[in-house]
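Read off the chains here:
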Amino acid sequence: MCLAVPGKVLSVQNIDGEFRSGQVDFRGVRKSVSLAFTPEVEPGDFVLVHVGFAITRIDEEEAQRTYRYLAQMGALEEEGLISGGAAQ
Amino acid sequence: MKYVDEYRDPALALALVERISRRLRRPWVLMEVCGGQTHTLMRYGIDELLPPEIELVHGPGCPVCVTPLEMIDRAIQIAALPGVILVSYGDMLRVPGSQSDLLKTKASGADVRVAYSPMDAVKIARAHPDRQVVFFGVGFETTAPANAMAVWEARRQGLKNFSMIVSHVLVPPAMQLILQSSANRVQGFIAPGHVCTVMGFHEYEELANQFHVPIVVGGFEPLDLLEAIHMLVVQLEEGRADLENQYARSVNREGNLSAQALLREVFEVSDRKWRGIGPIAQSGYRLREEYAAFDAGRIFGLRDVEAEEPQECISALVLQGLKKPLDCPAFGKRCTPMKPLGAPMVSAEGACAAYYQYKWQPREELTVQHA
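Residue numbers (this note's numbering), protein chains in the order written: chain C, 1 to 88; chain A, 1 to 371.
It should be emphasised that the hints constitute simulated quantities derived from the structure, not laboratory data. Each hint should be verified, as a subset may be incorrect.
As the list claims (entries may be wrong) - Away from chain C, derived, C-beta distances all over 12 Å, residues of chain A:
1) LEU24
2) HIS128
3) SER258
4) LEU322
5) LYS339
What the hints assert, rightly or not - Just some of the chain C residues that point at chain A, by a computed CB distance under 10 Å:
6) VAL5
7) PHE26
8) VAL51
9) ALA71
Fair warning: this is a prediction, and the values are worked out from it, not measured in the lab. Just so it is clear, CB atoms sit at the ideal spot from N, CA and C, and this is done for glycine as well.
Assemble the whole structure, with the sequences as input and the hints as a guide.
This is the structure in structure tokens:
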């Protein structure tokens, strides 16, 4: 029920002069998404979408920080603690 | 898909499991609060990858599951009235009330429609001014802003034929209930990342401080959950009880302020009954008086009906992490997703339904599905 899916904002429109909406790409499927709760969003941003609303702009810097943390996991692989895989 | 696939890397998952094992000195009981997280843990078998010293118990965070029988009965009653279009999230259609469900009500002639977004219900109301359109608004804080927006928008457009059955529940009061219980076993929580995306995490900081329990806001992909479990284990082994945020790409301390402002405009906090648990004080939302014209309960003047849960169901214990689904004698026999006895079996995100789907193979599927 609390499922929320990340998608990339392709374009932003104003509807009814009240709130903006955006065309958002989810793995090639495009949907119109309300940006009422994410007024700062621009085309090119990634947003997290729940029941037709973007509930946040995904923070790229924080995502990078997590990647770096996860990449450290790869060091364990080099130590031979785990085998194979796509660790970078 | 960016922000999805990279969080499902099996080699990194194993590396995280290894890292968790290295930190462990003692056994710990951890609870993931949100049903979406339960689903990921079961789907990827993460509970079985973890060292046996870590026991995962599953929280009450499935809004479909904890929607009271009475509320479903009420939706069914309204849907059966002439001139009504009842609109609901798809998850609610198969959930049994005390006598029937919305799908059967639809089959017997009621106009019941599934919406992806509550705004679809507003559009239906605008397109059918001669009909009463009622949206069955369930959900936790993640969904509440969207439902609030539907009511706000209906008022802005001056719609006289749109209303909502508001059945909203809040996560922190349920966690508090679990922590206050003398039987509580939970030593660390994975807080629900999407609820916190909307609400921020200051309420969870207060819980961590008040009950001296570590809480990590976690995401929904396998690596998110493993990282959150690792963070909890580190805290527990160090004797800390802090709020930490694993899901920082979506969650910050304040949360989504625009969404919170709309929630305050449309809803107010109220007492709420949870299916399988019972009443919890100040644990839900109802419409503010200014929006009473959109309250389906008032418009249709339905009496509160009391509905009894089957006695055999141990869902109250499952939802509070005191029992596991497989501890229940009815599990998979007299209680299945096709014919659920209680809350955690009714939605795919419920703990019992997740166990049924991923951990339990019925020997004779036909025998468990007969009506």
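So, going through the hints one by one against the coordinates:
1. LEU24: holds, 15 Å
2. HIS128: Consistent with the label, HIS128 of chain A stays out of reach of chain C, its closest Cβ about 20 Å off (over 12 Å).
3. SER258: violated, 5 Å
4. LEU322: Holds: least Cβ distance 23 Å, greater than 12 Å.
5. LYS339: holds, 21 Å
6. VAL5: Hint on VAL5 of chain C: holds, closest Cβ of chain A at ~8 Å, below 10 Å.
7. PHE26: This interface hint holds because 7 Å falls under the 10 Å limit.
8. VAL51: Holds: closest Cβ of chain A sits about 5 Å from VAL51 of chain C, inside 10 Å.
9. ALA71: Holds. Min distance 8 Å.
Checked against the numbered hints given earlier, the structure breaks only hint 3 and satisfies all the rest.
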